[in-house]
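A.B. asks: The lines below spell out each chain.
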Amino acid sequence: MGFGQFLSAPETKLRIVTYRDVFQDSAKVASIFGEDYEKLSAVIKLDPQDISKLSIKEGDTLILKNSFGKVIVKALNSGYDHSHTGTAYMVNSPWSNALVPEDSGGTGVPDFKDFEVLASSAKGGKVTGIKEII
Amino acid sequence: MASVMEIYQLLPKTNCKECGKSTCMAFAVDLLSRKVKVGDCPPLVREDKYKANYEKLSGMFTPVDNVTETGLIVHADKCIGCGNCVVACPVNVAADPMGAGSGKAPTCDRIILKVEDGIVKAMNVQECRRFGENKILCVACIDTCPTKAIEFV
Amino acid sequence: MENDYYVCTGCALLCDDIGVELEGGKLNKVHTACRKGFAFMKGCTNPMECAVNGERTDIDSAIKEAASILRNAERPLIFGHANSSSGAQKKAIDIARKTNGFIDDTSSFCQGPMVEAIMEGKLKTCTLDDVRHKADVIIYWGADPANSHPRHMSRYSYFPRGKERQRGWEEDRTAITIDVRKSDTAEICGQNGFYQIPVKGDAEFMDAMVSALSGKIPKTSYDLDKKKLLELASILKKAKFGVIFAGLGMVYALDDREPLYKLMDKLNSVSNFHLIPMAGHYNMRGFNENLFEETGYINRVKFSGEEVLHGPEYSVVEALRQKAVDAALVIGADPLSSLPRSVVRYLEEIPLIVIDPCHTLTSVKANVTIPCGLVGVETGGSAVRMDGIEIEVKQIVDTDRLSDEEIMTRISEAL
Chain A
28 MGFGQFLSAP
38 ETKLRIVTYR
48 DVFQDSAKVA
58 SIFGEDYEKL
68 SAVIKLDPQD
78 ISKLSIKEGD
88 TLILKNSFGK
98 VIVKALNSGY
108 DHSHTGTAYM
118 VNSPWSNALV
128 PEDSGGTGVP
138 DFKDFEVLAS
148 SAKGGKVTGI
158 KEII
Chain B
2 MASVMEIYQL
12 LPKTNCKECG
22 KSTCMAFAVD
32 LLSRKVKVGD
42 CPPLVREDKY
52 KANYEKLSGM
62 FTPVDNVTET
72 GLIVHADKCI
82 GCGNCVVACP
92 VNVAADPMGA
102 GSGKAPTCDR
112 IILKVEDGIV
122 KAMNVQECRR
132 FGENKILCVA
142 CIDTCPTKAI
152 EFV
Chain C
-19 MENDYYVCTG
-9 CALLCDDIGV
1 ELEGGKLNKV
11 HTACRKGFAF
21 MKGCTNPMEC
31 AVNGERTDID
41 SAIKEAASIL
51 RNAERPLIFG
61 HANSSSGAQK
71 KAIDIARKTN
81 GFIDDTSSFC
91 QGPMVEAIME
101 GKLKTCTLDD
111 VRHKADVIIY
121 WGADPANSHP
131 RHMSRYSYFP
141 RGKERQRGWE
151 EDRTAITIDV
161 RKSDTAEICG
171 QNGFYQIPVK
181 GDAEFMDAMV
191 SALSGKIPKT
201 SYDLDKKKLL
211 ELASILKKAK
221 FGVIFAGLGM
231 VYALDDREPL
241 YKLMDKLNSV
251 SNFHLIPMAG
261 HYNMRGFNEN
271 LFEETGYINR
281 VKFSGEEVLH
291 GPEYSVVEAL
301 RQKAVDAALV
311 IGADPLSSLP
321 RSVVRYLEEI
331 PLIVIDPCHT
341 LTSVKANVTI
351 PCGLVGVETG
361 GSAVRMDGIE
371 IEVKQIVDTD
381 RLSDEEIMTR
391 ISEAL
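Protein chains in written order, with the numbering used here: chain A, 28 to 161; chain B, 2 to 154; chain C, -19 to 395.
Next up, chain A with everything else stripped away, as it sits in the complex (with noise of 0.2 Å):
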């Protein structure tokens, strides 16, 4: 840790847009509580220019929150040819649904693809890992 932990991080809200992914999927069925896993599932993946924005680097690990939850997860380039400053994605997992908004409006079926986050720059903190989000 250096100099920049005493400095504030930018914070940056971002909408989550939550998908599936077959190798993730795989490791999954594999264990739920094993590395391959995590590693695939604790990532979210944003345009460039937020990268920029929030003053951190290809994988270096994000804080991720809001009132229903906060995880920290590793950012990487959506690696997508159009624009999408603002929107995020995230594998669909338990760590997108630590931050899923709890509130379905009665209706049964909470918003699991389309809902906020502020994130920031953890400073080097390491990913939340699955035992911690149980």
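Please keep in mind that the hints were generated in silico from the structure rather than gathered at the bench.
Ideal Cβ positions, reconstructed from N, Cα and C, are used throughout, including at glycine.
A portion of the hints provided could be inaccurate.
As the list claims (entries may be wrong) - Straight-line distance between alpha carbons at most 25 Å, and here's what the computed DMTMM-like set of lysine to aspartate or glutamate pairs gives:
1. B:K122 with A:D63
2. A:K101 with A:E159
3. C:K162 with A:D108
As the list claims (entries may be wrong) - Residues on chain C that point at chain A, a partial pick, calculated with CB under 8 Å:
4. D124
5. L341
6. V344
Given the coordinates of chain A, work out where chains B and C should sit on it, guided by the hints.
C.D. replies: Leaving out everything else, chains B and C in the frame of chain A:
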């Protein structure tokens, strides 16, 4: 896959000949066809200033131990075993129209692509349309792959 | 070649052409299954033990304890079922009835609305075999089968030749993806076959499609390539046999199904279109059909004596949020993994029973854990594919674990 120029740009460009080739361009051409490995360029491995380029090139040429004699490579780490290539391959369709050619389990062993343990495997590759005397630039298996797991070198 | 085929229970495609090679009573090689299916059949590395309050015990004691929890509960929740055989699902419905319990499955926060509309005859549907043999226009809407159902495109929907589609995908079929991002499936459909819409822009896109199909200029509040949309309309009009695969992206984006009904009506007035919900887990559709047969509802049911109550207040999410249940039996699902953390926290406050082949996040918090055989590998049964076709599932290897159906039968008998 990168072009020979892109590869060349990442090499030291000093034509030092330590690798045994006369120029860095010659090395790039051989690297592209996988006749040499990234690590066969001594300065690239040795000198710190080339470290970033060395890593970039190593990423482009992930080691593959399953290059078939005809140059077809399946990147097992990227393959999802969907079988799109199996059913799209014209050789498979001709050899096994009701099995592999219809998206189902293969019913004959003259096909060139099949899925085993969740990953596509190449066999009988001498039958592939990209090879032999009357070769054509068939891209059926490459175009239909959602994860770019198949490559020809 | 291996001709004795088995069924993969890795997802709701229930591929029934899987070849296996055994060695020493265990799976050694699996042919034709995709990456996900192979992982599923190979099984987990962390099998669940039979335990009561963290102490290992025998199956009889665990079943006795489970029955006692359910007997003592006034309003137990019987939840899960999507990864469970039809036989076990029917017993689960019995258990819910006997205990005046709530019963719900993962379709409640997943494909429920689509399956319901199909079972009530509000959406025209067809089978995957129809798609293979006839479909010429295929739309993946908010769906990414390359990741969720890897063999979907190769076995049924795009690449295979079929009776009326002899010339193959390049000439005989058009595949289209409508999604908020360029998924792996969208990559296959190509730039011309990909329609990118904003998050929650689905209903407006449906309205715009209806306009375009009616020869009107489509309007949306967001930027849309009108020319491309009109081209889409002309492709859809020419379709002889069209199918929309509705993914969770579409399901979650619609506040109600009206825009979809309007679109399907319009499509069927100008051509011929069907819809199949992309059910994820291998027997979610089976649970919906089994409960529908018993109660007339596909999910979200509470038994109360002779009466059957139904509504969003009986959904697993609302039941847990409102703390309306006082015990839970979870089978064939992992709510702690698949539901919002804030919703499932309540499960830790009530007696909890988990039946599963493997340790799950939910089983960590359970008072009673009862391991069952992995359906499709260690035990057999039947299940219903995403298109409503029933598939018999055979056992491949021997196990000393009971089947999910046997465990549920014994719990039901012990009540």
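A.B. asks: Against this structure, judge whether each hint is valid.
C.D. replies: Cross-check of the supplied hints:
no., hint, result
1, B:K122 with A:D63, "holds (24 Å)"
2, A:K101 with A:E159, "holds (16 Å)"
3, C:K162 with A:D108, "holds (9 Å)"
4, D124, "holds (6 Å)"
5, L341, "holds (5 Å)"
6, V344, "holds (6 Å)"
No hint from the list above goes unmet by this structure.
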